[in-house]
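A.B. asks: The listed protein sequences derive, respectively, from chains A and B.
Residue 131 is where the first sequence starts when you use our numbering, and the numbers rise one by one after that.
Residue 3 is where the second sequence starts when you use our numbering, and the numbers rise one by one after that.
Please note: incorrect hints may appear among the correct ones.
Unchecked claim - EDC-like, lysine to aspartate or glutamate: derived pairs with alpha carbons at most 16 angstroms apart: (1) Lys142(A) - Glu330(A); (2) Lys279(A) - Glu330(A); (3) Lys494(A) - Asp621(A); (4) Lys375(B) - Glu577(A); (5) Lys279(A) - Asp346(B); (6) Lys274(A) - Glu234(A).
Claimed, not checked - Okay, the calculated beta carbon distance ranges per label pair: (7) Arg259(B) - Phe154(A): 38 to 48 angstroms; (8) Leu303(B) - Glu601(A): 46 to 56 angstroms; (9) Ser254(A) - Leu356(B): 48 to 58 angstroms; (10) Leu519(A) - Leu324(B): 31 to 41 angstroms; (11) Gln295(B) - Asp686(A): 41 to 51 angstroms; (12) Val131(B) - Asn536(A): 19 to 29 angstroms; (13) Ser29(B) - Asp201(A): 56 to 66 angstroms; (14) Glu601(A) - Leu325(B): 47 to 57 angstroms.
Please keep in mind that the hints were generated in silico from the structure rather than gathered at the bench.
None of the values given here were measured: they were computed from a predicted structure.
We put the CB at the ideal spot given by N, CA and C, even for glycine.
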Amino acid sequence: MSERFDISGDAKSALTIRGLSKRFVANKQTVEALRGIELQVRPGTVTGLIGPDGAGKTTLMRLIAGLLLPDEGCISILGREVVADPLSAQRIIGYMPQHFGLYEDLTVAENMNLYADLQGLPVSERTARYEELTHLTGLAPFAKRLAGKLSGGMKQKLGLACVLVRPPRLLLLDEPTVGVDPVSRRELWSIVYRLVREGEMTALLSTAYLDEAERCAEVILLHKGVKLGQGAPDEFSRPMSGRCFQVTLPNMNKRILQGRLALLPGVIDATIQRTGVRLVMRESSPPDLSGLPDGIRLEPVAPRFEDGFISMLRERDGHTPPATLSLDRPTAPKSVDQAMITVNHLSRNFGSFQAVKEISFSVKQGEVFGLLGANGAGKSTTFRMLCGLLPASGGTLSVAGLDLRNAPAKARARIGYMAQKFSLYGDLSVLENLRFFARAYGLRNPERGRRIDWALQEFELADHADGASKELPLGYKQRLAMAAALMHHPDILFLDEPTSGVDPLARREFWHRISSLTAEEGVTVLVTTHFMEEAEYCDRLVIMAEGAILAEGTPDQMRARVQSSERPDPTMEDAFIHLIEEHEKKGGG
Amino acid sequence: MNERQAARMRMRGMLRKEFLQILRDPSSIAIAFVMPLFLLFLFGYGISLDAKHVPLGIVIEGSSPEAASFAASFEHSDYFIPHTYRTVQEAEAAVVRQEIKGLVWLRSDFEENLLSQNVAPIGVMLNGVDANTARIVQGYVQSVWNTWNQQRSEWDGSEFSMPVGLEQRVWYNPEMRSRNYLIPGLIAVIMTLIGALLTALVVAREWERGTMEALMVTPVTAKEILLGKLLPYFALGMGGLVLSVMMAVFLFGVPLRGSLLPLFLCSALFLVAALGMGLSISSTVRNQFVAGQIAIVATFLPAFMLSGFIFDINSMPGPIRLLTHLIAARYYVAILQTLFLAGDVWRVVLANSLALLVFCAFFLIIARRRTVKRLE
C-alpha cells in the first residue's frame, strides 16, 4: 500500500493533460472527437466534466483511463504517463464506465471480492473495507444477492463500491447518475464527496445534470471536442448577473407563457421554474413584456450555473428560436375537460408480489400528466397496463373511453407511444422508419406521403432522411421516435422516460415541442420521468413508491406540501425526496 | 505486497469469477455437458451407417424345395427382413411404396435350371436412392448367394469350386460397426464445441455487458485476462473428454486399444488450439451472436464435415482435400481413430500431434495479439 503515500509529479495537479487530440474514422469520414485539450485537475477536489451529447466526454474519460490511444498529446496522472505506461496509471485509478459492467450472475460480495483481488487489496484489510463500503452504500443487507437482481440505483452503487474497494487516487466516473432516481443520485453524490473529503482522492466525473455541476469544486465545459472553459461553477454564472429574471402570470398556463416568452427578442433561454418562467437575456436588460396580458410580474433572480452553460453554448452555436410543433390535424380538438384517461383501483400482481396497488387517477384532455417515482416504484407497470401491453389484475381503466385490453385496435389507433429506449429500426434510414410506421398505422397514400413530409419538416429530419437511424445523435433519434409516435394523429401520447440521457439543449427542444402539441392541438400527454425539473412541465402529477400513489396534485401543490421555515422555497426534488423518506419512515420500506 | 503476490491474487480472482459464472450460467453447462451427452446418444444409438434389418423382397415364381431353401437362408441373416412375393410386379410395387429396399427374383425355372445345368441366374434389383445402403445390401446378397451355393454343394457331395477363393479379413473393426469410428471422431466435435464455441461466447459476453471495459482499467494484465478464460474452459473441456471417453468405452463398447496418456496429451493439445480459435474470434468481433455464428461456421461445421469424422477425406475432391489440411480437427480425428481402434501407432500419433502443435501456437499468438487493454 506504499503507493498511496508516495508523492510524485506535480503536487498541484492530480491530472495533467496537454495538447490532447483524438480522431475516429467512421464510414471513411474522420471525426475529430477531441481537439487540443489542455487541462489540470486539482488534487483533493471533485471536478465535473459537462457538455452536451457528442461533446467528447466519454472519449476523454476513456483516454484518461488508458482505454484509447490519443493521436496527439499526453496525459499524466500524479506523474504517471498514461500513454507510455497505462498499467502503472491503472494501479492508482478507479474508473466507472457509463454502463458499469457488474457480473450479474455473481453476488454483491463476489463482485467486490473480484475487484479486491484485481486491485490487490490484502485479505487482512478486506473485512473492514467491505464493512465500510457496504455501510456507505446501503448494500450491507444484500451481500448475498445476485448483482443482476439489484435495482438500477443499487447496481450503480455496487459499481462504485467495486471501483472504490481499494481507494484509488483518481476516481473517474462517466455519467454515474444517468438512469438513477433522485434518492440514489443524492446518495451517490454524498458517497463521492465524503471519500474525497476524507481520503487522498481526486474525482473527475462527467454528467448531463447541470444541478450536479453546481456541486463541483470546478467544472470543465466541453463542447464539440473543444474545451470551452474551466473554473468554479460561480465563475460561469457570475457574468450572467443582471440577465436572469423570473416572470409570473397567475392566470396563464405556464407552458403557454413559456412558449410566448421564448419568442421575445433578446431571450436566449426560457424554462418553467416553480410558479413561473425563468428567462435568460442576451444583454443585461429586462425583456419587453408590453405585448403580454396585465398582471404579469417580472423580478430579477440570481444566476445559476445552468444559465452560464446555456448562454455559452448559444453564443457559440448561434441561437435558433425554439422548435414548436403542429400536428397538422384534420379535425379541430374536441371539448376540453373531458377525461381522456381514467384509472380506478388499478392493481397488478406478479405472483405474490404486488407491483401496483389499487391506484386511481384521471387525466383530462390537453393535460400533461406525470408519473414520478424511483426505480421500481411501479411506473412502468402502470404504463404498460395503460397501453394494453399487460392485463390488469384488478380495477378498471379506460383510455380515450376504451379499455385497451378489449378494444385494442380501436384504442391503439388513438394513442402514440414513445418507449424509453430507442425502439426504431437502427439499420433502416430515417425515411424508411417513417414509412414503416406510417404503414403500420394503416395510413394510405396520399395521406401517408403527406404525413412523412410533415414529419421530416416539423422535426427537421430532412437533412438526415437517408442516413441509418442508429448513426443519428441521441437528440435526433429522439425526434425520430417522437415523429413515428405522432404519425397517425394520436389523441394521447405516452412518453416513457423520454429524455433520459439527453443533454439539456435537446431536452429543452423536446419540451417546447410537447408544449405546443398540448396547447394548440389538445393532445393529452402521459409521461414518466425521474428528472425533477421536467416535473415542472406537468400540469398535474402523481408521485409513486412501491406501487402506491404517495401524492397527487400540481407541481405547486407538491412543493407547498414540504414548505417549512427551514426550507422556504423547496424544489421539486426536495418535495420528491421528502415524500419518499416520509413514506419509508412510516414503515413502507 | 510484492508484484508476484499481487499477480497471483489477480489470477485467483479471475479464475474464481469464471468458475462461479460457469456454475451459475445454465447455458455454459448445457454446451459443456448436455450437448456432448446428446451428441453421444445420437451417434451411439440413433445414427448408424451400417445396414441391418433391411426389408428385402424375395420373389418366388414357382415354389420348389431349392427356391424355398435359398429364400430361407435370408431368414437366418441379421441383415435382412425378407418379405415373400408371388410375382415380380407385386414386389416392384412394394419397392415403389418403399416397403422394401430391393428384391431378389427367383424365376419359375430356377430349380429346373439349377438341376439341369447347375447354373441358375437370380435377379437382384435394388432401390438406388440411398446409394450407400444399396451398395451394402448388394454385397450382403452376394455373400448370402455364395454361402448358399457352397452349402448346397457340400450337401450334394459334389464339388463346387470357385475359380479363386476370396478370404476377407477386416482389421481394427472386424464387425465393421460404424459406432466404433463415429464415437472417437465425435470426441473431436465435442471438444470443438466446448473449446471454440463456448469461449467465443463468453468473451463476447464480457464485451457486450460492459464488464470488459471495467476490467481493463484495473491492474489486471492482458495475459491474465487471457489465462483467466483459457484455464477454466480447459478444465471444462478435459471434463467433457473424460465423460466422452468413459461413455464410449463403457456404454457403447468402443474398444480403446491405445493408451490413455497419449490420448489425454493429444486431446489437451487440440483443446488448447480450439480455445485459441474461440478466443481469437470473440476478441475480434465482441458480439455474442456474431461470435457464435463465426464459431459454428469456422470451427464446428468443419470439424463435423471436413475432419474425416463421417466422410472419408480421401474420397473428397482435390481442392476440398487440400482445404482439410487447414482444419485442426482433421489431425485430432486421425489420432483419436488410431488410438481407439488401432493402438499406439506412434508414427501417426506424433505426426498429427506436430500439426496440432502448430495450430496451438498460431491461434494462441493471434488471441494474445487481439487481447489488448484498449477499446480500439
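A.B. asks: Which of the numbered hints are not met once you compare them with the structure shown?
C.D. replies: Failing hints, ascending: 2, 4, 5, 7, 8, 10, 11, 12, 13, 14.
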